[in-house]
Each structure stands twice: as C-alpha cells, then as structure tokens.
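S.K.: Make the full structure from the sequences, and use the hints.
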Amino acid sequence: MTSFWRIALVAAAIFAVVMALAPHPPSLPSSDKNWHMLAFATLALLAALAYPREPLFRIGEHLSFLGALIEVLQSIPALHRDCDIKDWIADTIAIAAVLLVVRLVRRGRAAT
Numbered sequence: 001m002t003s004f005w006r007i008a009l010v011a012a013a014i015f016a017v018v019m020a021l022a023p024h025p026p027s028l029p030s031s032d033k034n035w036h037m038l039a040f041a042t043l044a045l046l047a048a049l050a051y052p053r054e055p056l057f058r059i060g061e062h063l064s065f066l067g068a069l070i071e072v073l074q075s076i077p078a079l080h081r082d083c084d085i086k087d088w089i090a091d092t093i094a095i096a097a098v099l100l101v102v103r104l105v106r107r108g109r110a111a112t
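Residues in the sequence shown are numbered from 1 upward in steps of one, following UniProt numbering.
The hints are simulated quantities; they were obtained by calculation from the structure and are not laboratory data.
All the pointers check out, no bait thrown in.
Below, a list of computed lysine to aspartate or glutamate pairs in the EDC-like style, where the Cα atoms sit at most 16 Å apart:
1) K33 x D82
2) K86 x D32
3) K33 x D84
Taking CB as the label site, the calculated pair distances span:
4) F4 x F65: 22 to 32 Å
5) T112 x L49: 14 to 24 Å
6) L49 x P29: 26 to 36 Å
7) A111 x I76: 47 to 57 Å
8) L100 x L79: 29 to 39 Å
The C-beta atom is built at its ideal place from N, Cα and C for all residues, glycine as well.
M.R.: Shown next, in the form of structure tokens:
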C-alpha cells in the first residue's frame with residue numbers, strides 16, 4: 001500500500017511545484033497563505049503515509065526545505081512571481097500541524 005501513497009506523494013509534489021512556479025498563476029479565491037497551507041498539509045499527510053518508518057521530524061524537515069526552495073525559485077525575475085518568507089512560514093506551520101496529528105494518531109494506535 002505504501003507504493004500507492006508514494007505515487008500520490010510524487011504526483012502531489014509535482015503539481016504543487018508546477019503551480020508554485022508557473023509564471024502566471026491562476027486566480028484562486030481565498031488567501032494565498034491558505035493555498036500554501038493546504039498544499040503542504042496534503043504533502044505532509046501523503047509523506048507520512050508513504051514513508052511510515054521515516055522519522056516525522058525528517059519528513060517535516062524535507063518538506064519545509066521544499067517550501068523554502070520554492071520561495072527562492074520564485075525570486076527568479078522571469079517567473080514573475082514573488083518570494084515571500086511568510087509563504088514558507090505558512091508551509092512549515094501546516095507541515096508541523098499535520099505531522100503532530102499523525103504522531104498523536106500513531107501513539108494512540110500503539111497504545112491499543
């Protein structure tokens with residue numbers, strides 16, 4: 001079953017990176033930060049399911065790095081995007097929140 005989650009993770013990561021680096025992003029309702037948080041919360045959940053034996057801190061570290069890398073790449077003038085550290089902070093908060101819930105669920109299952 002982990003192979004399904006790994007494929008889903010790769011697909012979601014590719015989609016998130018393409019959307020984040022597209023030169024003219026689609027106009028979406030709601031705040032940009034909400035979309036960042038949704039994308040990285042999804043990636044965090046998929047990563048936890050795809051790599052159940054990987055330490056959650058390491059998953060969070062890698063995903064937060066991806067968020068930071070996206071922000072750095074968005075500073076390339078040809079992309080017509082804006083680099084915003086607040087986007088990276090939103091990404092990291094969503095990652096941490098989801099991984100905390102995953103940790104609590106795993107502990108609950110281990111206790112029973």
